[in-house]
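Student: In case you want the letters, here they are:
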Amino acid sequence: MSDAPRDTKGAPAPPEHDEEHGATPDDDEPRLRRAEEELRARFAEELQEGEETQERIGASREAIVELDHVSLAFDRPILENVSFVARRGETIVIAGESGTGKSTTLKLILRLLRPDSGRVIVDGEVLNDVTYEEALVIRQKMGMVFQGAALFDSMSVFENVAFPLREHTQLDDDAIEARVREKLEFVDLEPDRVMDQLPAELSGGMKKRVGIARGMAVNPAIMLYDEPTSGLDPLTTGTITRLIMKLQRELKVTSVVVSHDIRSAFRMASKIALLAEKRIVFFGSPEEMTASQDRYVQEFLGGV
Amino acid sequence: MRVLAVQEYFGLAAKAIRFIFARPFYLGDVVQQMDSIGVESLGIVLLTGFFTGMVLALQTSVQMAQFGATMYIGRLVTASMVRELGPVLAAILVAGRVGSGIAAQIGSMRVTEQIDALNTLGVDPIKKLVTPRLLAALIMMPVLTILSDTVGIGGGNVIATAYVGIPTGLYWRTVWEQIASGGFILHYIPSDFVQGLVKPFVFGGIIAITGCYFGINTKGGTEGVGNATTRTVVVASVLILVIDYFLTQVLLFLFG
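From first to last, the protein sequence lines are chains W and V.
Every number in my numbering is 10 more than the matching position in the first sequence, counting from 1.
Every number in my numbering is 1370 more than the matching position in the second sequence, counting from 1.
One or more of the hints may lead you astray.
Claimed, not checked - With a straight-line Cα cutoff of 35 angstroms, these simulated DSBU-like cross-link-like pairs (lysine-lysine) come out:
hint, chain 1, residue 1, chain 2, residue 2
1, V, Lys1589, W, Lys151
2, W, Lys262, V, Lys1385
3, V, Lys1385, W, Lys217
4, V, Lys1498, W, Lys217
5, W, Lys117, W, Lys151
6, W, Lys151, W, Lys288
7, V, Lys1498, W, Lys262
8, W, Lys256, V, Lys1385
9, W, Lys151, W, Lys217
To be verified - A few chain W residues that face chain V, going by a derived Cβ cut-off under 7 angstroms, partial list only:
hint, residue
10, Met154
11, Pro174
12, Arg176
These aren't lab readings, by the way, just hints derived from the structure by calculation.
Note that CB positions come from ideal geometry on N, CA and C, so glycine has one too.
Put together the whole structure using the sequences plus the hints.
Tutor: Here you go:
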């Protein structure tokens, strides 16, 4: 947490939060209401856009990704009693400070890690019980976009995007090329210009886009993003955020996005899960988040 | 902790060997690795093999002269090259050149999350990365060793003829005498060759698995990659020299 919240519009700086989240003495109410209005005003544009998106995607009630009272510790506790549900078509943004176990939740969903206690359920399958080989199959339902894109640097852009298709589909070469072109065009890259390039020749934003194209190559039902906008300039951040929204809108995929970029989060999230101190301190829509009386939530938003 | 590492090492080896026989076979990767492990190591292995053969002939000529037995230079050079120096020197060189390369490549894939990416794309990294390298090393190490032996014995020929004055014909006859002296397996295969080719096969496996093991377990960014390469070269070289001794004992017991 940054200790001095950036205070662009002269709002009163949120006071130091005490141990107890959410306990609000009555005399604080006017201050809190002011803070809420302030937040709404500050994020008005993002909230508006987010609301429109949510209306358009019309998420169903069926849970597709679920963490049920999950705890995990290595040398020290990483997550304690974390629960949230992503319904089909929804976009869940997992926000929080650095080092609060945000990326760990993605690894749990992918079953790269197993929880010490609690259950992780993806598309009806409890991942705790599956073997390593079964997990490889379940992972094909998910597309993952890594923080550093994690493109295979010995392969061209074409080979990278074609890789999951070659592994898991029976498509012939022509069909694979058609699919790769389609995915590259979807992420606004010109196939003929980039297909033969190596990842080392691409800019950060382009790598991210190729990473998204590779993640969605086999048309997975779930897309996972690890810090999709970190390390990018503001313009590229906007582009990538719009791209993730385009995916949820046009392809109706369920997305789980790990990010500390709250502006992007407000634009795309159906629900935001705020992680702090190994726990989820808030889970709800962006609207609810700005209305939250929780001091930590307010401080987090104020400090953005 | 150390015991656990040994267990992991053998676990990795067992998995990689099992995947040799399971679909899909990444033949393209195997051929590419055979190229980088075998063909690209050829120059350095031939050069060192040639000079090793020459220095062997030179040293033995000085020692043998004391007993008036210089005509046996060919036998000694052949026995040393085929049974010991060919396999061990080639393996040490390949461990330095290829083992470190494997560790560096897989290590940087680890720190840039490419190994995780393989996993999330539903592909077992051991199958995709380790098995092709293992297979390529198992095939190419014996080939490199045969070539190293051959130019080594050729190098011995050059010195024996030029310095000591042994006719080439005589030299090669003593070479053949040595090869035949160990007896034949299945009537045609000289026992010396079998001993000389079991070793590089085993060493190839050690080099590939060691490089992959340290590569996959790389931690801590680029510095970790550097550590992984160093450890690979040290551990693989030590393993090669130690296992060479025990392997020799077993082979001598079996084939004499």
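Student: All hints are to be evaluated individually against the structure, with a verdict given for each.
Tutor: A quick look at each hint next to the structure:
Restraint check: the Cα-Cα separation between V/Lys1589 and W/Lys151 comes to about 29 angstroms, which is no more than 35 angstroms; the hinted pair holds. Taken as a hint, the W/Lys262 and V/Lys1385 pair is broken in the structure, with Cα atoms around 39 angstroms apart against an allowance of 35 angstroms. For a cut-off of 35 angstroms, the pair hint linking V/Lys1385 to W/Lys217 stands: about 33 angstroms separates their Cα positions. Between the alpha carbons of V/Lys1498 and W/Lys217 the distance comes to roughly 23 angstroms, so the proposed pair stays at or under 35 angstroms and holds.
Taking the CA atoms of W/Lys117 and W/Lys151, the gap is about 14 angstroms. The hint holds against a cut of 35 angstroms. Distance restraint check for W/Lys151 and W/Lys288: the Cα-Cα separation of roughly 27 angstroms lies within the 35 angstroms cut-off, and the hinted pair is therefore satisfied. At most 35 angstroms may separate the alpha-carbon atoms for a hinted pair to count; V/Lys1498 and W/Lys262 meet this at roughly 32 angstroms. Of the supplied pair hints, the one linking W/Lys256 and V/Lys1385 is violated, its CA atoms being roughly 41 angstroms apart against a limit of 35 angstroms.
A distance of roughly 22 angstroms separates the Cα atoms of W/Lys151 and W/Lys217; the hinted pair therefore holds under the 35 angstroms criterion. Hint status for W/Met154 relative to chain V: holds, with the closest Cβ pair at about 4 angstroms, below 7 angstroms. Given hint, W/Pro174 at the interface with chain V, holds; its Cβ is 5 angstroms from that chain's nearest Cβ, closer than 7 angstroms. Given hint, W/Arg176 at the interface with chain V, is violated; its Cβ is 9 angstroms from that chain's nearest Cβ, farther than 7 angstroms.
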